[in-house]
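Residue numbers (this note's numbering), protein chains in the order written: chain A, 1 to 301; chain B, 1001 to 1290.
It is worth saying that the hints were derived from the structure and are not from the lab.
Some hints here could point you the wrong way.
What the hints assert, rightly or not - Label pairs and their calculated CB-CB ranges: (1) B:Q1211 with A:Q46: 20 to 26 Å; (2) A:E250 with B:S1183: 36 to 42 Å; (3) A:A276 with B:G1071: 51 to 57 Å; (4) B:K1049 with A:F260: 28 to 34 Å; (5) A:P65 with B:T1256: 33 to 39 Å; (6) B:N1159 with A:H272: 43 to 49 Å; (7) A:E135 with B:E1253: 42 to 48 Å; (8) A:A276 with B:D1273: 35 to 41 Å; (9) B:P1055 with A:P65: 44 to 50 Å; (10) A:E250 with B:D1241: 32 to 38 Å; (11) B:Q1127 with A:T130: 51 to 57 Å; (12) B:Q1127 with A:Q70: 37 to 43 Å; (13) B:D1162 with A:L113: 30 to 36 Å.
Claimed, not checked - Here are the computed lysine-lysine pairs in the PhoX-like style, where the Cα-Cα straight-line distance is at most 20 Å: (14) A:K257 with A:K293; (15) A:K266 with B:K1235; (16) B:K1029 with B:K1281; (17) B:K1029 with B:K1283; (18) A:K266 with B:K1283; (19) B:K1029 with B:K1235.
We put the beta carbon where it would ideally sit given N, CA and C, even for glycine.
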Amino acid sequence: MQNTKTAHSNNWSEENVTRIVVASGKGGTGKTLVAANMAWAVSEQQTITLVDCDVEEPNVHLFFPSEGTQVPVCQTIPQIDAEKCTNCGACGEFCQYGALLITPEKVIVNPSLCHACGGCRLVCPEDAITEVPREIGTVTTSKPSDSLTLITGRLKEGEVAAPPVISATKDAASTNGDVIIDGPPGTSCPVIETMEDTDVCIMVTEPTPFGLHDLKLAVGVAKQFKIPSLVVINRSDGSDTDILSFCNEEEIPIVLKIPFSREWAKIQGTGHLIAAQDPTWRDAFLNLFTQAKERAEVKLC
Amino acid sequence: MLKIAILSGKGGTGKTMLSAALADILPVKRIIADADVDAANLSILLEAKDTTSKPYFGLPCAVIDPDLCTGCGICAEACRFNAIIPNGDVYTVRPIKCEGCNVCVYVCPAEAASLVMKENGTLYLSQTPSGVLSHAELFAGSGTSGLLVTEVKKQAEANSEDSEVLIIDGPPGIGCPLIATVSGVDLVIIVAEPSLSSLHDIERLVTVCRQFNPVMTGVINKYDLSPETTEQIEKWYRQEDISIIGKIPFDSEVLTSVRNCLPVTRQQSPASDAIRAIAGKVKDYLDEHE
């Protein structure tokens, strides 16, 4: 039997490589802006891999249009051999997700509820269940420049299971060299899968009650993984007091403030990079990268 | 009761701002639900009070009794989620990775593994000047947000009394929480902003929503920040046969009202006026379909 375990595991063991996640809790605070500009600035100096783990809505590629190679991401689902199945119901009884419906005539598989745990195959007394792959997304690798590799995970529209696609996307990056990951919003499974086995988290927030509320949640997730964080305030306009006091309390450094400007909103909105248009900002994003690498050395307990 | 979901694909385009404003001014009896359980912010804008809560249990989680574990490792081998790791001479479960599938319990020859209920968050029901609000908080690092979205919607329906409409502030993305949100919804209001990212994301959102067959209508927020991208989005809406219910200008009053934790419609401003026009059209829709 094919080992299906890889669908949920990352094999990142290289030393001397920093894996930086850009997260936020709240959507739309500027994660992609930070990840894309920082990766571009770094790529002017060294090789870097940029990974888009916001697989439900990946957008980094809009800033780096280039042809890539695409591979499918599959999850296994049970297939029931009607010849062997006695309709005993053991599989349906075992399944914790309701993915196997036992009808008087036969067992019906609901692929979207299946978590690919393999339990049904284990419990089937007739050996009637095999597992077959089913495409739930894709991973695309492209080379926008000699020094920049972009890896984009994409969940197929209508599919629910983002974590296996995120895991496969991260696996595609497990070569050598530093990695910047553009993370998904939220605080649940997709964020957990993204943060696992990474070294440091750049939290992008905005000076609103929403930004702060969700920053607190995202910092909570990073803490569970013992990953050190640093903060970027986007659309900063000086009303940052609440964020400052939270970061003080948590001993999280605020390393960059990006002011709001209509001009930049337009640059960003049309798929362009601030860092590529303004050397001051190129340097600011380079500095952010350096600070993140330093912060990654901090051991939390 | 008609159900309206405010969705966007991309985060931060103004779902919660618009949801709170519609909840504030729609002239019918309404109930409100915040389905963005990962990062629930609607209660901040709706002056929620008299909140009651109950624990939310998601999927169960495995535990291994260290006194019974013989350290054979069969469970770790069988676990597809990498949730079981060695810990000295025995094995232990990482709750953050466990999906409660029960496979370890089934394969353990020493009967050391079992499933336990795990509190994954809290369901809240609050009173607001706009109506009853059903919302929730998922504990940081917990899974099963889709399941919690379903609970939030169920709780709203159970408390809807004679409400004419359920207003749902949706999650970003197109995965499990979004699908749990859009299922059973009559009208989807899509909130875009003039950026290529937003356009890309609503394309994917609409593909997913179509599977559930709601009426879809489009809004462009901060439309004047990039007129040419707004034009592209308008063209796309037309192409997809999605009517545009309104365009909201960039307006510093929006930020001010969010900072004051109030719906933007409490003040008169260009954005507030635009949303009032949108609310009028939503009311027309309700009247036609009641």
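Outcome of the hint check:
1. Against the hinted window of 20 to 26 Å, the Cβ-Cβ separation of B:Q1211 and A:Q46 comes to about 44 Å, which falls outside the hint.
2. At about 38 Å, the beta-carbon gap between A:E250 and B:S1183 stays in the expected band of 36 to 42 Å.
3. For A:A276 and B:G1071, the hinted distance range of 51 to 57 Å is satisfied, since their beta carbons lie about 55 Å from each other.
4. For the pair B:K1049 and A:F260, the supplied restraint of 28 to 34 Å holds, since their beta-carbon distance comes to about 32 Å.
5. One distance hint, 33 to 39 Å for the beta-carbon pair A:P65 and B:T1256, holds here, with the actual separation near 37 Å.
6. Roughly 47 Å separates the CB atoms of B:N1159 and A:H272, a value that falls within the hinted 43 to 49 Å.
7. In this structure, A:E135 and B:E1253 meet the distance hint of 42 to 48 Å, their C-beta atoms being roughly 47 Å apart.
8. For the pair A:A276 and B:D1273, the beta carbons lie near 38 Å from each other, so the given range of 35 to 41 Å is met.
9. Between B:P1055 and A:P65, the C-beta spacing of about 48 Å keeps the proposed range 44 to 50 Å intact.
10. A C-beta distance of roughly 49 Å is found between A:E250 and B:D1241, which places it outside the suggested range of 32 to 38 Å.
11. Here the CB-CB span from B:Q1127 to A:T130 is close to 54 Å, well matched to the stated 51 to 57 Å.
12. Hint check: B:Q1127 to A:Q70, Cβ distance near 51 Å, so the stated range 37 to 43 Å is violated.
13. A beta carbon spacing of about 34 Å between B:D1162 and A:L113 agrees with the range 30 to 36 Å that was offered as a hint.
14. Under the criterion of a C-alpha separation no larger than 20 Å, the hint pairing A:K257 with A:K293 is consistent with the structure, at around 18 Å.
15. A distance of roughly 19 Å separates the Cα atoms of A:K266 and B:K1235; the hinted pair therefore holds under the 20 Å criterion.
16. For the hint linking B:K1029 to B:K1281, the alpha-carbon distance of about 16 Å falls within 20 Å, and the restraint holds.
17. For the suggested pair B:K1029 and B:K1283, the alpha carbons sit about 11 Å apart, so the restraint of at most 20 Å is met.
18. Under the criterion of a C-alpha separation no larger than 20 Å, the hint pairing A:K266 with B:K1283 is inconsistent with the structure, at around 33 Å.
19. Among the hinted pairs, B:K1029 with B:K1235 is inconsistent with the structure: their alpha-carbon atoms are about 35 Å apart, more than 20 Å.
Hints 1, 10, 12, 18 and 19, counting from the list given before, are not met by this structure.
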